[in-house]
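**Student:** Residue numbers (numbering that gives the first Met the number 0), protein chains in the order written: chain B, 0 to 233; chain C, 0 to 233; chain X, 0 to 233; chain W, 0 to 233.
Hints listed in this document are in silico derivations from the structure and should not be mistaken for laboratory results. Please note that the accuracy of each hint is not assured.
[Unchecked claim] Quick list of in silico lysine to aspartate or glutamate cross-link-like pairs, EDC-like style, CA-CA up to 16 Å:
(1) B:61 / C:134
(2) W:61 / X:8
(3) C:76 / C:8
(4) X:61 / W:8
(5) W:76 / W:127
(6) W:68 / W:126
(7) C:61 / B:8
(8) B:76 / B:221
(9) C:76 / C:221
Given the structure is predicted, the values throughout are model-derived calculations rather than measurements.
There are 4 protein chains.
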Amino acid sequence: MSRETNHKEGWRAWHTIIRLPEFPVRPESTALIVIDITYQQASPNYGNCKRIIEAGNGNDLKYYLERMKNKVMPALKRLTEGFRAMGAPVIYTRCASLRGDGSDQTWRHRSFGLTIDADEHEAQIMEEIAPQSGDIVLVKTGSSTFTSTNCEHLLHNMGITTLVVTGIYTNSCVEGTIRVGGDLDFRCLMAEDACSAMSPSGDANAIEYLDGNFCHVKSSDEILGMLRKENEAA
Amino acid sequence: MSRETNHKEGWRAWHTIIRLPEFPVRPESTALIVIDITYQQASPNYGNCKRIIEAGNGNDLKYYLERMKNKVMPALKRLTEGFRAMGAPVIYTRCASLRGDGSDQTWRHRSFGLTIDADEHEAQIMEEIAPQSGDIVLVKTGSSTFTSTNCEHLLHNMGITTLVVTGIYTNSCVEGTIRVGGDLDFRCLMAEDACSAMSPSGDANAIEYLDGNFCHVKSSDEILGMLRKENEAA
Amino acid sequence: MSRETNHKEGWRAWHTIIRLPEFPVRPESTALIVIDITYQQASPNYGNCKRIIEAGNGNDLKYYLERMKNKVMPALKRLTEGFRAMGAPVIYTRCASLRGDGSDQTWRHRSFGLTIDADEHEAQIMEEIAPQSGDIVLVKTGSSTFTSTNCEHLLHNMGITTLVVTGIYTNSCVEGTIRVGGDLDFRCLMAEDACSAMSPSGDANAIEYLDGNFCHVKSSDEILGMLRKENEAA
Amino acid sequence: MSRETNHKEGWRAWHTIIRLPEFPVRPESTALIVIDITYQQASPNYGNCKRIIEAGNGNDLKYYLERMKNKVMPALKRLTEGFRAMGAPVIYTRCASLRGDGSDQTWRHRSFGLTIDADEHEAQIMEEIAPQSGDIVLVKTGSSTFTSTNCEHLLHNMGITTLVVTGIYTNSCVEGTIRVGGDLDFRCLMAEDACSAMSPSGDANAIEYLDGNFCHVKSSDEILGMLRKENEAA
């Protein structure tokens with residue numbers, strides 16, 4: 000993916016400083032992170048989308064629903080299967096309450112009415128990309144994966160140094176995970192077509208800020224191609 | 000500050016879910032965070048700005064330089080003095096290498112050519128808002144304050160539950176600090192006129208994402224007014 | 000429990016400095032932590048004990064097995080039931096691999112042959128004190144609860160400031176959790192009769208170091224009494 | 000150093016499980032941690048020792064004072080000089096308050112009367128082993144180095160995987176740092192003659208628990224020998 004030239008004021012100055020080098024992407028040190036593809040968060044028929052439709056704002060979901068159906072879910076299927084085939088870890092997060100009543104989720108999530116019992120159907124990963132044996136599923140009690148799970152600990156234990164981050168919402172938990180991941184010295188990639196915000200500007204702003212800064216933004220197929228090339232060379 | 004109605008696609012859907020409650024702002028439990036106002040990072044005559052000018056992109060700094068001079072530095076002066084007068088902690092961060100050679104800063108910062116010896120003049124807080132006795136200065140080795148300093152530990156020890164976040168750059172270390180701060184259950188405020196990005200869109204995008212979500216965005220004077228009112232009531 | 004006077008050289012000097020104040024123990028801000036009471040770690044018939052017996056060191060388990068049967072398991076039953084009755088959170092940890100193959104557990108645990116698939120029967124909490132609806136069960140991938148789970152995040156979200164720590168082994172994961180818990184500014188209690196080391200000196204050394212320093216060491220019934228008194232007063 | 004056979008009940012059972020492998024110790028991936036050798040904490044003439052003497056318990060300091068003078072300070076001098084000569088990082092911690100009034104130190108340290116302004120002479124590293132240019136000095140606001148500083152972040156940035164831990168007190172901040180360090184998957188060594196507790200049993204208990212479990216306990220000269228051998232081979 001080539002980044003469009005951007006003529007906004009201040010962009011050229013910023014990119015005099017910001018210029019992340021490329022890095023190798025090897026199956027033995029790379030993990031796939033799939034963020035919040037639960038019925039509550041991601042499905043058109045439950046949770047967030049249902050609330051938005053019931054509040055009369057269903058028309059405003061058009062971008063999100065089409066993108067999820069046509070791009071994101073198929074890309075996630077290819078990525079999860081590809082990582083498993085190469086023996087690389089697949090890590091899912093789902094926002095939920097282990098206690099059941101939401102008291103262990105953040106004040107933000109409680110304020111937003113997003114609390115959900117981890118045992119409920121709506122809190123599970125959508126079956127289209129259901130976790131398989133050997134995958135890791137983390138119950139996330141906040142927004143950034145690193146701040147509210149033990150993911151960093153697991154990644155260090157596994158010798159993982161490179162992350163491919165996917166899921167929803169691009170400018171929210173995905174961006175938050177990439178910002179902290181980059182700060183923790185992980186080499187990060189965003190699989191652009193495997194992520195969605197609720198709005199076109201949500202996607203565009205996240206990519207504009209993160210690309211070449213905290214991560215490289217690439218397509219799922221580009222990333223799978225890089226991994227397969229290294230896998231064959233090994 | 001009232002947030003303008005935003006008619007972008009998807010914004011209404013998003014804000015059906017996202018709606019952070021107001022909260023009290025009390026001097027005994029609130030800290031001011033001043034991010035990266037060092038000569039290297041912030042001054043027109045050193046470090047980042049000098050590099051940008053030498054690369055021929057000086058014209059692209061117009062927004063940033065005017066905003067810093069006319070809004071941000073005066074607001075930071077009022078805020079730091081106001082917090083000190085009420086006995087509330089003022090915490091500065093500065094990006095620098097304790098080892099001197101940059102090896103203890105993140106790979107991103109090394110790649111961007113941002114390493115600097117913590118003892119150098121350019122790595123110090125600008126004298127216009129120089130730290131005073133009783134302030135805390137943290138050497139930050141990454142982007143988000145929480146990920147690369149012991150700030151959370153200090154805040155818990157001090158009984159601080161509310162943060163007023165300021166400094167540079169709005170969409171980068173400031174936004175990163177507010178995202179993680181909110182996730183750590185701190186009640187966060189961004190003092191909008193005490194922050195700057197390098198571009199108008201950098202400021203606008205950060206505010207659009209964060210306001211009413213991870214923090215409330217208010218002016219420095221609004222925030223000082225809230226603190227003074229609580230201080231007098233106590 | 001009164002601490003015996005200790006005439007070892009250096010003890011009096013140390014305790015001129017070390018002297019933790021008492022603190023209130025209230026149901027609304029106190030959590031029970033039950034560490035590693037899984038079949039693998041704790042049961043006489045599985046995992047660690049089985050390995051020790053097969054290696055010909057079964058006689059050396061006498062202290063541990065009697066203490067677990069006669070003191071620890073009954074105390075854990077009273078504590079878990081008591082906390083639930085007062086609406087206070089009960090948090091269990093179990094050492095296991097979410098990935099299944101142990102690669103996400105620490106190098107120490109892998110080196111010690113302690114890896115176990117989180118889905119196996121041996122990795123579950125023993126049925127005598129089985130988790131109930133509303134309890135939290137954390138998969139711990141290292142020794143200290145705080146270092147290898149998101150427990151601190153959950154506790155802050157729930158407004159918990161006081162911990163009652165129990166389980167096995169007193170001088171190992173229990174002590175490690177209390178050391179870090181105290182450092183994170185939690186007020187800590189060790190329920191002495193609800194913990195066991197593998198040896199009398201393991202218990203004695205942990206208590207000697209921790210009591211009045213990182214926690215107060217009390218009996219389960221003393222702690223339940225303190226909670227009930229506060230509960231009735233509220 | 001060979002570990003004495005220990006015939007205490009339960010010890011053999013425990014060590015059927017606990018058996019840390021040896022690992023290489025290379026200058027390019029090893030850091031020296033020197034804990035709390037400040038005038039307040041370590042010197043016979045200030046802070047803790049002065050308080051103990053004034054409380055009439057000076058005789059009880061005999062073991063500590065002799066060990067520090069004859070073993071620990073000379074070993075720390077050899078270690079710090081040896082690490083610097085091989086280009087390996089030397090990291091000091093000192094317990095102090097950045098705010099000055101102790102409010103940013105833990106409740107434990109405040110309760111123990113251990114608060115001290117980071118700018119005071121008593122809070123500095125003792126001049127016999129004073130930090131040199133290129134060394135890192137961290138202000139530690141709690142007990143364990145990892146829990147209350149950004150040390151883990153710095154170590155990851157520098158590519159450090161192995162730690163040599165030294166300083167005071169063996170069974171307190173030193174042991175706490177090794178426990179958490181091991182849990183964070185660092186390969187840890189304790190340089191036994193470069194550490195001291197306040198009592199012989201404090202040293203003995205820490206070594207009995209940690210050796211072959213969270214670290215290997217070796218002499219300073221053994222460790223320097225291992226590093227030099229790798230350095231010459233490189």
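**Student:** Which earlier hints turn out false for this structure, listed by number in ascending order?
**Tutor:** When the structure is compared with the hints, numbers 1 and 3 turn out to be violated.
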